[in-house]
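Residue strings, one per chain:
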Amino acid sequence: MEHFFSLLVRSIFVDNMIFAFFLGMCSYLAVSKNVKTALGLGCAVLFVEVVTLPVNYLLQTKVLGPDCIIEGVDLSFLSFILFIAVIAGIVQLVEMVVERYSPSLYASLGIFLPLIAVNCAIMGASLFMQQRVTMDPSSTQAISNIGDAFAYAIGSGIGWLVAIVCLAAIREKMDYCDVPKPLRGLGITFITVGLMAMAFMCFSGLNL
Amino acid sequence: MSQLFSKENKEAFFGPLFANNPVAVQVLGICSALAVTAKIEPAIVMGLSVTVIVALSNVIISLLRKSIPNRIRIIVQLVVVAALVTIVSQILKAFAYDVSVQLSVYIGLIITNCILMGRLEAFAMMNGPWESFLDGIGNGLGYAWVLVIVAFFRELFGSGTLFGFQVIPESFYDLGYMNCGIMLTPAASLILVGCIIWFMKAREEKAAKK
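Line by line, the protein sequences give chains A and B.
Take 1 as the starting number for the first sequence in our numbering and just add one per residue.
Take 1 as the starting number for the second sequence in our numbering and just add one per residue.
If you are wondering where the hints come from, they were derived from the structure by calculation, not from laboratory data.
Incorrect hints may have been included.
Once the Cα atoms are required to be at most 30 Å apart in a straight line, the calculated DSSO-like pairs of lysine-lysine come out as [to be verified]:
# : chain 1 : residue 1 : chain 2 : residue 2
1 : B       : LYS209    : B       : LYS10
2 : A       : LYS173    : B       : LYS201
3 : B       : LYS206    : A       : LYS173
Covered by chain B, per the in silico footprint, the following chain A stretches (three or more residues, Cβ under 8 Å) [stated by the list, open to error]:
# : stretch
4 : 117 to 126
5 : 165 to 179
6 : 186 to 195
From the structure, some residues in chain A lie toward chain B, with a derived Cβ separation under 8 Å [stated by the list, open to error]:
# : residue
7 : LEU29
8 : PRO54
9 : ILE81
These figures come from a predicted structure and were not determined experimentally.
Quick reminder that beta carbons are idealized off the backbone N, C-alpha and C, glycines included.
Let's have the full structure, built from the sequences with the hints guiding it.
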């Protein structure tokens, strides 16, 4: 249980998807213009993460790992294709659910909803999970059972959600600032994210 | 021959290098651009891998474009890209193991690199194989040079080396010069890319005024 919370907190603050690994930057920069849409996309990413990561964990440990299906055969080179197929399928599902129950959110997310399938944060979490499966179980980063996989999925999803909502809030306020003209728009957004990443660096000494 | 290098084809190749640069202007594929740039060597390997994958997947998709049903095109594109990435990652593991360890998950993340999906959707689905090939190479190189510039500054100021060789002489360190540790952190690469965008926009505005 201790390990569960340690993984959860570490993946929100220390191994934050945006500030430590820059994953999911494209939609992060494009959809962070106002807080409401940012919150919607953040929740969608969190949901897709929580569903896909445990599925991919099971695939990795029960199907792809060494000696799983055929004795002496390691299929893990197939992981890219299988992981992306799982993610694309689940995103399709989420798209249909959002369209049915919240048409306004569906309209405001636009093209970025199907693009969650190619959101690096989700694929990245699955690939990091694949690395961590083989780690020594006593390490703070190891993912050794399905519960850990859930903790990591929830943590990295919430980390992404927190990051995009923070940036959206800052950008809303920044509309009233006097920014040099060529720097307006993306330039200043990058620098803001850089400063936020510096602020998040103070968590890196966190010992759990 | 003249048809192969017509004006449109040249545009497809040179446009993405500067005026329509995928990283600095369209802001695609930022994730990996920031993460692999602490040293020049992985940045170059990453740039080349992306160039090869964009070019080949552009050609394959443009050959298949008339037979892909519209509804499942994203999945088809993803499978083609994922297969190519798997091949590249196996080749890197075999011939450049050190670099492939440094790049770790970011090689796998080329699959979800927005440049690829963007080019496949916007260009390869509508153009022939040769144009798509040029477009892919152009975009890949446009991505690579931004990576190399960011990596150049980060490696020079962060560790005082270039390609792993000591560039800043020892005597500087004796006089009290110190490596700038912040350049090695993720935050610095964000700020550097911000500055490149600033520079390119300012230059564009100047050109527009003339």
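Distance restraint between LYS206 (chain B) and LYS173 (chain A), which requires alpha-carbon spacing of 30 Å or less: Answer holds: LYS206 (chain B) to LYS173 (chain A) is near 29 Å, not above 30 Å.
8 Å C-beta test of the stretch 165 to 179 of chain A against chain B, three or more residues: Coverage by chain B is violated here, the residue count being 0 at a Cβ distance below 8 Å.
Cβ contact check, 8 Å cutoff: the stretch 117 to 126 of chain A against chain B, three residues minimum: The restraint on the stretch 117 to 126 of chain A holds, since 7 of its residues have a Cβ under 8 Å from chain B and three suffice.
Given hint LYS201 (chain B) paired with LYS173 (chain A) - CA-CA distance at most 30 Å: Cα-Cα ~23 Å, so holds.
When the least beta-carbon distance from LEU29 (chain A) to chain B is tested against 8 Å, hint result: This interface hint holds because 6 Å falls under the 8 Å limit.
Given coverage of the stretch 186 to 195 of chain A by chain B, tested with a Cβ cutoff of 8 Å and a minimum of 3 residues: With 9 residues in contact (Cβ-Cβ under 8 Å with chain B), the coverage given for the stretch 186 to 195 of chain A holds.
Hint status (Cβ of ILE81 (chain A) to nearest Cβ of chain B, threshold 8 Å): For ILE81 (chain A), the interface hint holds, since the closest Cβ of chain B sits about 4 Å away, which is under 8 Å.
Hint consistency between LYS209 (chain B) and LYS10 (chain B) [alpha-carbon to alpha-carbon, up to 30 Å]: Holds - the C-alpha atoms of LYS10 (chain B) and LYS209 (chain B) are around 26 Å apart, at most 30 Å.
Hint check, PRO54 (chain A) versus chain B [nearest Cβ-Cβ separation less than 8 Å]: violated (18 Å)
When held up to the earlier numbered hints, the structure conflicts with 5 and 8 and fits the remainder.
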